[in-house]
Each structure stands twice: as structure tokens, then as C-alpha cells.
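For the record, the sequence lines run as chains A and B. Note that the working numbering gives residue 20 to position 20 of the first sequence, counting from 1, and the numbers run on in steps of one. Note that the working numbering gives residue 80 to position 80 of the second sequence, counting from 1, and the numbers run on in steps of one.
None of these hints come from the bench; they were simulated from the model. None of these values were measured; they are calculated from a predicted model. Positions of the beta carbon are idealized from the N, C-alpha and C atoms, including for glycine. Be a bit skeptical, because a hint or two may be false.
Stated by the list, open to error - Straight-line Cα separation of at most 27 Å, DSSO-like style, residue types lysine-lysine; simulated pairs:
#1 B:Lys72 to A:Lys221
#2 B:Lys150 to B:Lys31
#3 A:Lys221 to B:Lys123
#4 B:Lys191 to B:Lys150
#5 B:Lys191 to A:Lys221
#6 B:Lys31 to B:Lys72
Unchecked claim - Simulated restraints on C-beta separations:
#7 B:Ala180 to A:Gly303: 39 to 49 Å
#8 B:Asn183 to A:Phe141: 30 to 40 Å
#9 B:Lys150 to A:Gly128: 36 to 46 Å
Stated by the list, open to error - Chain A residues, not near chain B, derived (Cβ > 12 Å throughout):
#10 Phe38
#11 Ser107
#12 Thr162
#13 Glu169
#14 Ile181
#15 Val198
#16 Ala212
#17 Leu301
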Amino acid sequence: MFGPVNKSSLNRGTLANITTLRQNWGLMIALFTAALAFPFLPGVEGWMASQAALIVVYIIAAQGVSILTGYTGLVTVGHGGFLAIGAYTSALLTKYFAVDLIIGIISGAIMAGVFGFLLGLVFLRLSGAFMAIGTLGFAFFVGTIVNNIPIFEGREGISLPTNRVLGMEIGDTGFLVISVIALGLTTLLIYRLVHSGVGRAFMALRDAERAAESSGVNRVKYRTLSFTISAAVTGVAGGLNAHIVNYVSAEVFADIWYSVDFLVATVVGGSAMLMGPFIGGFFIVMVPFFLEELADFSFILKGVVLIGVLILAPAGIAGVIARPFQALRAKRICPKSTGQPK
Amino acid sequence: MTEILRCENVLVSFGGVVACNNITLGITEGKIIGLIGPNGAGKTTLFNVLTRFQDADTGSLYFRGADIGRLKPHDMASMGMTRTFQNINLFAEQSTLDNILIGAHHLIGNPFANMFGLPRARKNERKLIERARQIAEMLRLEDQLNNEVKNLPYGVQKRVEMARALASNPEIILLDEPVAGCNEEETADLKEIIQHVNRELGITVFLVEHDMSMVMSICDYIYVINFGANLAEGTPAEIQSNSDVIKAYLGEEDET
């Protein structure tokens with residue numbers, strides 16, 4: 001339809017794309033293998049496994065935030081609410097219906113997704129700072145419910161039975177393996193999302209809403225979809241979080257700082273990068289860990305790093321790390337283009 | 001000659017300001033049609049009504065005879081109508097290739113099949129990428145495919161916007177000031193592209209433009225509006241000699 005096509009340029013591009021894909025997958029698989037092997041290394045104690053599981057929880061929660069904030073451009077300060085929904089759904093199901101851990105976590109994700117869908121509809125017209133305040137309100141709303149409705153047992157909390165997967169009891173190590181597998185699945189989901197027409201539509205809405213609409217992107221549909229997927233992924237983190245210590249209480253899950261921590265993790269790591277939540281999640285968990293004696297300083301340090309990243313590297317730490325690789329990749333795909341416009 | 005797009009008695013008012021006052025016009029298929037008028041005449045408002053970003057208070061819109069007055073902006077692309085914007089409106093953080101691919105959004109098929117990379121969706125995606133590359137080649141953008149569009153010069157960005165519009169496989173393109181802010185070379189370039197799109201691909205073009213020499217040289221037919229109302233219509237030659245049009249642009253001679 002559009003006249004002769006230069007075959008050589010087509011082939012060159014496609015081949016280069018495939019090689020970079022393979023390299024990305026190689027790196028990812030290596031990372032996950034390392035994470036799976038970690039609890040079996042000599043000298044690793046049980047508490048380290050649950051600490052590592054906590055990092056995984058933060059990474060998954062930040063992945064959820066990155067879908068909405070990084071890729072769709074809607075800042076959320078309320079994902080702690082979805083974490084709580086995922087956690088309590090899984091907690092109540094495992095306690096009162098003795099369901100399998102896996103079923104509990106999946107149910108938590110679905111429940112969070114349903115609430116995400118509804119919230120997406122309610123907040124259809126909000127953006128920018130208004131969206132941030134709206135989602136913050138949602139987190140407070142969930143906190144109030146959890147504190148006051150008897151079934152959630154407020155600050156008393158609910159103690160959960162030992163984790164069971166496929167009828168077998170699992171310890172901290174087994175739990176870490178489950179967490180890492182969950183992380184693998186959410187990472188795969190986000191990878192597919194970002195590299196598909198759906199991810200393109202999310203990013204189009206983020207960058208130029210009207211142009212996206214005139215290109216045929218249904219704003220209502222894709223915004224709500226982004227909310228739903230984002231909430232469901234954070235719901236997975238919630239389910240896992242409940243079962244790390246087998247205890248849920250309003251004191252922990254109604255805490256607004258969860259929401260702030262997830263946002264900080266996403267922004268510091270790099271909100272629109274696949275590696276971003278990994279770096280951010282690690283950062284958020286390890287800061288209080290190293291500053292145990294000076295707990296108040298961890299807030300200050302998080303704040304300072306956040307401001308530093310926003311000023312020096314708005315694309316996040318992952319953005320800084322990726323820069324040289326991107327230049328390399330661009331050169332390989334389009335040898336003629338120097339990065340400089342002609 | 002069939003009319004691809006038609007609006008009748010479109011009235012739009014913002015508070016007390018009447019932006020479009022009973023505008024009626026028809027776009028003949030396969031032509032390049034111009035819409036001109038002094039600043040504030042209501043050209044962009046009319047464009048927004050036609051592409052459904054703005055609802056008309058009264059009046060009716062037809063695409064190939066079908067009423068489109070209740071459709072949404074995102075329905076336009078699959079129907080065969082697309083537009084560009086007055087100030088460049090690209091996805092700045094994304095590559096040229098991704099910008100063009102978003103133009104083809106309504107062709108991705110089932111979004112979930114696309115997301116999970118099912119075989120048929122993958123095949124379709126490859127087809128879309130190949131088509132995007134062909135369009136890029138036609139608009140001489142093949143070297144910019146992987147560059148972020150925010151780093152491209154103005155004239156090139158205008159071409160990217162055109163490429164994105166073409167990716168949706170349109171029957172009619174609405175161009176809102178396609179050469180505004182371009183230098184002579186870029187203007188000549190875009191003019192050539194518009195004519196190519198019209199003649200070789202058979203796409204109807206409806207454009208708003210202030211560059212009169214450009215409008216006069218490429219349009220088959222021109223509508224003139226002033227203060228939100230139809231003022232004149234005709235071939236470029238007729239418009240150039242129309243006394244009402246001259247008055248609207250240059251003002252009336254003082255008779256005292």
C-alpha cells in the first residue's frame with residue numbers, strides 16, 4: 001500500500017530486537033535463579049528468608065504502583081488500601097475456610113482488582129494532584145473500615161494458621177520460594193503489558209490524552225483497566241504480606257505510610273522501568289534495616305533520597321543504569337541514527 | 001461525488017460566546033478541502049465538534065450519511081476519521097515507532113489476546129510494526145524510528161504526527177494548521193506529503209491553515225468562516241476575488 005519497502009532495514013531491526021530481548025530474559029532468569037537459591041545458601045538463617053520475602057512484597061507492591069503511576073501517569077498515594085484488601089481477603093479465607101495459601105493470595109488479588117476497577121470508575125475525571133488526594137482518601141477509607149468493622153478485629157489483629165500449600169506446611173524458606181514465584185509471574189505480566197498494545201495505550205494516555213483518544217484509545221476503558229491490573233498486582237503483595245508473619249492487624253495495614261512507601265519505592269527505583277520496582281523495593285526495606293537504631297532517620301533518609309532522585313534523575317535509579325544500554329540498543333537497531341536528529 | 005463528512009447548522013456556545021453559529025459544510029470524498037477564517041472564527045471549535053471532542057448545542061453531523069453526533073472521540077479512528085492537532089500533540093517520551101503504532105491502536109484486536117501474546121495477536125502485531133515501518137519510510141522517518149520524539153526537530157515532529165494519523169488507516173484526515181510554525185522548507189515538505197497522501201492513497205484531507213499561499217495552492221475547495229458563521233465557499237480563485245472574504249481579512253475601508 002505504501003510503495004516499495006526496504007527489506008534490509010526491516011530485517012536488521014527485527015533481528016536486533018530479538019537479540020536484546022534474549023539478553024533481557026537472560027538477566028531476568030539469572031536474577032530469579034539467584035533469588036530462589038538464596039535461602040539454601042550456607043549461612044542463611046530463617047529470619048533472612050522472611051526479610052527477603054518482605055523485599056519481594058515491596059517489589060510486587062511497587063510494581064502495582066508503577067502500572068498506574070509510571071505507565072498510565074496517575075499518581076497514587078493509596079495503594080496501601082489495595083495491600084490491605086489483598087491481605088485481609090487472604091487472611092479471612094485461610095483462617096475461616098482453611099483455604100490453600102495460593103488460593104488465598106489469588107483471591108486477595110481478585111478482590112483488590114475488583115476494588116481497583118470500582119475506584120477507577122469513581123476517579124474517572126481526576127488527574128494530577130487531585131488523583132493523589134483522592135487515592136489518599138481511599139487508603140484512609142480502607143483503614144477506617146478495617147479499624148471499625150468487627151470481622152477485621154481492628155487493632156487486636158487476626159492470627160493466621162500455619163501456611164499450607166497443596167496440603168503441605170511450609171516454613172520461611174518455602175514461603176520465600178512462593179514469593180519469588182509470585183514475583184516472577186507479576187514481572188512477566190508487566191513485561192507483556194508494557195510491550196503490548198495495551199501498554200502503549202496506557203502510555204499514550206499518560207503522554208497526550210487527547211491524541212490518544214483520537215488514535216482510538218478508549219479513555220474510560222483503558223484507565224479502568226490500568227486501575228484494575230495495578231490494584232490486583234498490589235493485592236498479591238498484600239496476600240503475601242499477611243502470611244509472612246501469619247498475622248494481620250489494623251495497626252499495620254491501616255498505616256498510611258505503606259502507601260507513601262510504595263510510591264517512594266516506585267519513584268526512586270524508576271516508575272516506568274521494569275527494573276525500577278526491584279531497586280525501589282530493595283531500597284525501602286533495607287533503609288530501616290540498616291538504620292534500626294535510628295528509626296526516625298530512615299524517614300529522613302527516604303525523603304532526602306526521593307528529593308535527590310527527583311532532581312537528579314527523574315526517570316529513577318533504573319533510568320540512570322539503563323541509559324548506556326539504551327544508547328547501545330538504539331545504535332544496534334538503527335546504525336544510521338546517531339541519536340542526533342538530522 | 002459523494003460527501004464523506006457533513007455538518008449542518010452546528011451551533012456551539014461557551015457561556016455567552018458563540019463560537020460556531022449555524023455552520024453548514026460538506027466534505028467531498030477524495031478532495032483536499034480548506035477551512036479558513038480570521039483568528040477566533042471558530043475553526044478549531046468546528047474541528048473539535050467534528051472529531052467529537054466538543055459537543056454541539058444544536059446541529060447534526062454525518063459521516064457517509066450516518067449520524068455521528070453521539071459518538072465519542074475514540075470511535076472516530078475505527079470509523080475512518082483521524083486528526084492532527086494545532087500544537088504538536090505527540091507522545092513525547094516514546095519512540096517514533098511507538099507513536100506510529102498507537103495510531104494503529106484500533107487495529108490491535110482483542111486487547112487481552114494482544115497483551116498475553118497469543119499467536120494470532122503476535123502475527124497481527126508483527127504486521128502492524130511492518131506497516132508502521134512502511135509509513136515511516138514513506139514520510140522519510142525510517143532513521144528516527146527508535147529516537148524519542150521529544151528530541152526531534154519541529155518539522156520532523158510534524159511528520160511523525162502525520163505518520164501516526166496515517167497508521168489508523170483513515171479515509172479522511174483533519175489537519176489543524178499542519179504547517180503552523182514551520183519554515184519554508186518544512187512547509188514545502190509537508191505540502192508535498194499532504195498531496196501525496198491525497199493523490200496516491202486516496203485519503204480525503206480537510207485542513208485549517210493560516211498560510212494562504214499554501215491553502216490556495218493545494219486546496220480543491222475552500223470554506224471561509226467568520227465570527228462563527230459561514231462567510232463564503234468556492235474554489236481558491238473564487239475565494240481570492242470574493243469581496244466579503246477580503247473585507248473579513250483586511251477590514252472595511254473607512255468611508256468617511
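Here's how the hints hold up against the structure:
1. B:Lys72 to A:Lys221: holds (13 Å)
2. B:Lys150 to B:Lys31: Roughly 32 Å separates the two Cα atoms, so the pair is violated.
3. A:Lys221 to B:Lys123: With a Cα-Cα distance of about 24 Å, the restraint between Lys221 (chain A) and Lys123 (chain B) holds, given a limit of 27 Å.
4. B:Lys191 to B:Lys150: holds (23 Å)
5. B:Lys191 to A:Lys221: Distance ~37 Å between Lys191 (chain B) and Lys221 (chain A) Cα, so the pair is violated.
6. B:Lys31 to B:Lys72: Roughly 25 Å between the alpha carbons, so the hint for Lys31 (chain B) and Lys72 (chain B) holds.
7. B:Ala180 to A:Gly303: 39 to 49 Å: holds (44 Å)
8. B:Asn183 to A:Phe141: 30 to 40 Å: violated (55 Å)
9. B:Lys150 to A:Gly128: 36 to 46 Å: Because 20 Å falls outside the window, the suggested range is violated.
10. Phe38: holds (30 Å)
11. Ser107: Non-interface label on Ser107 (chain A) holds, nearest chain B Cβ at 21 Å vs cutoff 12 Å.
12. Thr162: holds (35 Å)
13. Glu169: Fine: 34 Å to the nearest Cβ keeps Glu169 (chain A) off the interface.
14. Ile181: The claim holds: Ile181 (chain A) sits with its nearest Cβ about 18 Å from chain B, beyond 12 Å.
15. Val198: violated (5 Å)
16. Ala212: About 7 Å separates Ala212 (chain A) from the closest Cβ of chain B, which leaves it inside 12 Å; violated.
17. Leu301: Given that every Cβ of chain B is farther than 12 Å from that of Leu301 (chain A), nearest at about 29 Å, it holds.
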